[in-house]
Structures are given as structure tokens and as C-alpha cells.
Amino acid sequence: MTQRIIPIESAVFLREEQWPTAGIDAAFPRKQPLWLEIGCGIGDFIIQLAARHPDRNYLAIDIYNKGCLKTCRRVEQNRLDNVRVMRAEARYLLDRFIPPQSLSGVIINCPDPWPKKRHRGRRLVNNHFLELLRCYLAPGGEFFFATDFADYAEMVADIIPAVAGYENLQAAVYSTDLGDYPISKYMRRFLEMGQPIYLFHYRRAAQLAPELLQPPEFEKGFRLRWLAHG
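Residue numbers (our numbering): 37 to 266.
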């Protein structure tokens with residue numbers, strides 16, 4: 037799919053060629069725990085979370101140019117200096133730019149569920165991705181995953197308990213009680229229709245065997261094609 041790329045001139049937007057050679061901390065005014073939101077959409081979720089937690093830095097990524105543009109505008113409108121935005125595919129970003137064991141938290145909200153059975157291998161959150169993410173989460177780093185698609189929730193519920201190094205922070209594998217979890221406009225639409233949101237909340241174990249900290253072979257996501265249009 038070819039996108040019409042709209043130049044983003046925002047000061048909170050990080051282009052790949054401008055990625056700070058001194059590391060991600062150099063992109064923020066303060067060195068603070070770094071959280072990553074994968075699939076920021078139009079920024080509705082991340083601005084709520086960043087406003088609540090000024091003591092954290094947030095990197096919000098999306099593969100869609102328009103989503104990144106709108107997120108930048110929201111960040112600027114809300115005068116948040118602890119958010120930076122990058123147009124990137126998650127696996128590519130981790131492989132190229134994020135130091136191992138450096139993320140204090142990772143958030144994925146309502147990614148494409150790929151509902152057709154023949155397309156389910158395209159889902160982002162699978163065994164390989166969880167093994168990859170484990171290597172980039174800091175000891176005790178948190179992982180939130182939310183989906184509005186029941187089949188996706190059941191799939192992740194089946195696989196995540198079997199992936200070594202993750203500890204569940206809820207009484208069940210997932211919950212539909214969101215508590216004080218920020219609600220995006222997209223999520224609110226489903227909740228108002230009576231459609232539950234399935235929320236997973238895990239953390240990386242503090243101590244892991246060395247072999248669990250070796251990233252699996254880099255798996256090129258099929259969506260890396262978007263790079264050709266960027």
C-alpha cells in the first residue's frame with residue numbers, strides 16, 4: 037500500500053536519519069524511564085498517559101504517516117515535552133535503535149487483528165515478537181496489550197503463559213476491567229457499543245537466564261514494505 041507522505045516538521049518528530057547518535061535519551065529534555073507505545077494512532081492514548089506521568093519519557097511509533105502527524109500535533113497542543121514520535125515498524129525499531137534491556141514499559145493497543153484465519157500469521161503479538169520484546173524490556177519492565185478482538189485475546193492468552201520471562205500482574209490471563217487505564221477514542225467507541233476491551237498486563241522477570249536475553253533472528257515483518265514509500 038502506497039501512502040502519500042506528508043512532511044512532518046514538528047520538533048517532537050524523530051526521523052530515522054536524525055536518530056540521536058548519543059542514544060534515545062538525547063532526544064528528550066530529561067533522562068527518565070523510557071516507555072514505548074507501538075501503534076500510537078492519532079495520539080489520543082499517549083497524550084493522556086504522558087500527562088499523568090511527566091516522570092517518564094514516551095516514544096510513540098506508528099507505520100502511518102498521517103497518524104504520526106496527528107500525534108505530533110496533539111503532543112504540541114498539550115505542551116508535553118516527554119513524548120517523541122517516530123514513523124517506524126516495531127521490530128525494525130527494536131532491531132536498529134533500542135538498546136537491549138532499556139525499556140521500562142511497552143504498550144500495544146488494538147493492533148490490526150487480521151481476522152481472517154489465513155492472515156493470522158501477520159498479527160504482531162506472537163511467540164516470536166514476545167521473545168524479541170523480552171530482550172528489550174528492562175528487568176521489571178511492564179508490558180500492556182489491549183485488543184477489542186476476542187479471537188486475538190484468546191490467541192495471546194494461549195501463548196504468553198508459555199513464553200519464559202513474563203510475569204502476570206493480573207488475577208487472570210487478561211481482564212475486561214480496565215480500571216484507570218487510559219481510554220482512546222477508538223477504544224471508547226467499542227465500549228459504548230458494549231464490546232469489551234481485553235487487557236493484558238505483564239512484566240519482565242527481574243532475573244533471566246542469559247539465553248533468554250539473546251534476541252531471536254530478526255524477522256522482517258511483511259509491513260516493512262512501507263519503508264519503500266517513506
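One or more hints might be untrue.
[Unchecked claim] Derived CB-CB ranges, DEER-like:
id	residue 1	residue 2	range
1	Asp117	Asn204	18 to 28 Å
2	Arg109	Phe133	19 to 29 Å
3	Ala198	Asp117	32 to 42 Å
4	Asp148	Gln250	27 to 37 Å
5	Gln137	Gly215	22 to 32 Å
6	Gly176	Ala58	33 to 43 Å
7	Pro252	Arg154	32 to 42 Å
8	Pro251	Gln113	35 to 45 Å
9	Gln243	Gln54	21 to 31 Å
It should be emphasised that the hints constitute simulated quantities derived from the structure, not laboratory data. Don't be surprised by glycine CBs; every beta carbon is placed ideally from N, CA and C.
A quick look at each hint next to the structure:
1. Asp117 / Asn204: 18 to 28 Å: 33 Å, violated
2. Arg109 / Phe133: 19 to 29 Å: Given a distance of about 23 Å, which is inside 19 to 29 Å, the answer is holds.
3. Ala198 / Asp117: 32 to 42 Å: Hint holds: Cβ distance 40 Å, inside 32 to 42 Å.
4. Asp148 / Gln250: 27 to 37 Å: 28 Å, holds
5. Gln137 / Gly215: 22 to 32 Å: 28 Å, holds
6. Gly176 / Ala58: 33 to 43 Å: 25 Å Cβ-Cβ, so the 33 to 43 Å window is violated.
7. Pro252 / Arg154: 32 to 42 Å: 24 Å, violated
8. Pro251 / Gln113: 35 to 45 Å: 37 Å, holds
9. Gln243 / Gln54: 21 to 31 Å: Given about 36 Å between the Cβ atoms, the range is violated.
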